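*Asks:* These protein sequence lines are chains A and B, in that order.
To convert, note that position 269 of the first sequence is 269 in my numbering; the numbers rise steadily by one, no gaps.
To convert, note that position 235 of the second sequence is 235 in my numbering; the numbers rise steadily by one, no gaps.
Hints in this document: simulated from the structure, not taken from any laboratory.
Nothing here was measured: the structure is a model prediction, and the numbers come from that model.
Okay, the calculated bits of chain B under chain A, using three or more residues with CB under 8 Å as the criterion:
(1) 87-94
(2) 223-232
(3) 263-275
Glycine residues also receive a C-beta, built at the ideal position from the N, C-alpha and C atoms.
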Amino acid sequence: MTDAAMHPEKRFRVAAMTKFSRYGLIVMAVIVLALAFGPLWLDRSNMRLMVELCYMLALAQMWNLLAGYGGLVSVGQQAFVGLGGYFFFVIAAFLGVPPLLAIPLAGLVAAVFAIPTAAVVFRLKGAYFAIGTWVAAEVYMLVFAQIGALGGGSGMSLPIDVVRAIADSRDMREAVTYWTALGLAVGSVALVYGLLRSKYGLALAAIRDSEPAAASLGVDVARAKYIVYVIAAFVTGLAGALIFLAKLRISPDAAFSVMDWTAYVIFIVVIGGVGRIEGPILGTIVFFILRGLLADLGSFYLIILGLIAVGVMLLAPRGLWGLAVERFGIELFPVQRRLDMRKDN
Amino acid sequence: MDWINAILQGVLVGGLFALFAAGLSLIFGVMRLVNLAHGDLIVLGAFLALAVVTGLGLHPLLSLLIVAPVMFALGYGLQRAILNRTLGKDLLPPLVVTFGLSIIIQNALLEVFSADTQRLQAGPMETASLQMGAISIGAFPLLTFIVAVAVIGGMELFMRRTALGRVFRATSDKAEIVPLMGVNPKQVFAIAMGVSLVICAIAGVLLGVRTNFSPGAGPARLLFAFEAVIIGGLGSLWGTLAGGVILGVSQAIGAKINPGFQILAGHIVFLAVLVVRPQGLFPRTRDK
Chain A
1 MTDAAMHPEK
11 RFRVAAMTKF
21 SRYGLIVMAV
31 IVLALAFGPL
41 WLDRSNMRLM
51 VELCYMLALA
61 QMWNLLAGYG
71 GLVSVGQQAF
81 VGLGGYFFFV
91 IAAFLGVPPL
101 LAIPLAGLVA
111 AVFAIPTAAV
121 VFRLKGAYFA
131 IGTWVAAEVY
141 MLVFAQIGAL
151 GGGSGMSLPI
161 DVVRAIADSR
171 DMREAVTYWT
181 ALGLAVGSVA
191 LVYGLLRSKY
201 GLALAAIRDS
211 EPAAASLGVD
221 VARAKYIVYV
231 IAAFVTGLAG
241 ALIFLAKLRI
251 SPDAAFSVMD
261 WTAYVIFIVV
271 IGGVGRIEGP
281 ILGTIVFFIL
291 RGLLADLGSF
301 YLIILGLIAV
311 GVMLLAPRGL
321 WGLAVERFGI
331 ELFPVQRRLD
341 MRKDN
Chain B
1 MDWINAILQG
11 VLVGGLFALF
21 AAGLSLIFGV
31 MRLVNLAHGD
41 LIVLGAFLAL
51 AVVTGLGLHP
61 LLSLLIVAPV
71 MFALGYGLQR
81 AILNRTLGKD
91 LLPPLVVTFG
101 LSIIIQNALL
111 EVFSADTQRL
121 QAGPMETASL
131 QMGAISIGAF
141 PLLTFIVAVA
151 VIGGMELFMR
161 RTALGRVFRA
171 TSDKAEIVPL
181 MGVNPKQVFA
191 IAMGVSLVIC
201 AIAGVLLGVR
211 TNFSPGAGPA
221 RLLFAFEAVI
231 IGGLGSLWGT
241 LAGGVILGVS
251 QAIGAKINPG
261 FQILAGHIVF
271 LAVLVVRPQG
281 LFPRTRDK
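Please construct the entire structure, taking both the sequences and the accompanying hints into account.
*Replies:* As structure tokens, this is what we get:
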């Protein structure tokens, strides 16, 4: 017997990373590093655009985690954006907690609210779950519209002393907002990547491919979905807190907008590619390019955006990144393990 | 007396909710498709009626002679060209495509009719009422309720007694098997969507005479329709009527307590039913 036959582990190697993904990650790290110095080389309007891009990316990563991996198609993620935003205002303005500490606390509150919400909406299966989450978001919106201390239906502005507590100068405040947004975006990508590379990610991938098969192999499907839902609510709540920190004003209509926090997010993920970490990143970039080109068209822009999303879903259901993977076999964040065969020696 | 009046109004509005729900329920029953654009299609029906009423000077109820066939054709075409491609094991394509359609319809209506609120003028029948002691029942709400009962009763008979209804039920049970009996499921789905949009047209006209509507009014109708279906129990048309009535009465009682509670009260009753009796009040296993 040859040495290789006796020791098969010498001939094969299980790896997730590819050459492309290793170089890709280095390039991504360089881009993130350059963006971290953004306040030095970006003007004010571009910094604001980047903040928007970052929180949309975080929202898209979370929706993708739910729909692409957890099999939970939600049309009600605006519930957690609104809860995060409102509780940020409550914690920072009424409880006097420093704003940057109030953001994670608001995210935690959103996650806590996700527990009873899940207990109700998880009773609905499949497509009815989607509309159920929408009703839940409407309930939160209508309740916040009734709270007089928070300005009722017309909402409230962030008190000026809270705004000052972020940073003294306007430039510094915008820089702090920018770094928080960048941290949130990078953190959301890292979180999903880490989750999928873990043992837990295997369970999620199994659920995505076939729920009964996953269950028969000992995956607790209901528990996995529940955990994914609460994690997504936490990060979506963080994004909500950041969004209304950046806007300095909150109202029920803006906080619980199905258009802004769910419709756009679904379009981003679908256009970029569902069920891949790269999908939301590419989708966010495409979304902001389209918006830059077409936003002057008003409602025509939304019609075009809707048509693109419908067209992509019908013609390329794995999105633009899915097309790239099929064609070139490239992946930036590979999560599946592949077998590397070594040459015979 | 005020309360009895409010509850009675709620019952009658419930008929309209049941009508919203009937089309949604039919589509889900036949092809397991949840149409997120359903509310917007109801509002589209109202706007088409508005165009016919202003263009030809017809009475809103007569405008259905034109709007209903147009909506049938739209539903048939939509199903054949787009929605049939989304059906399958994967949950995502039908949801994303109908959600996209919802946004497209809303913004197309905005582009054509502007964001102004509109109303269908139905003349004296809008204000006529039947007086019974201290209780007065609006003639038009009563007509709405009667139409809802007639449509649901008609659908029930159609499903049970006609050959096409039998094909619908067979396709609902096993779409893979009906081709063996010479049925083309894609054709059946397209006819079902056409019928669903005819019901949307009727509901849209009744909605437009009853209240103001605008291009953004669709999603709320979708949620009411969905709540009526779930409260009543999946697959049961009479259950859906009961669900609509329960929703209508809940909203009426909520509005009586505080105008801000109207919609909220309906949602809360829906969530309560979901927690206490997730299968709905009158479920039927046929279309589970």
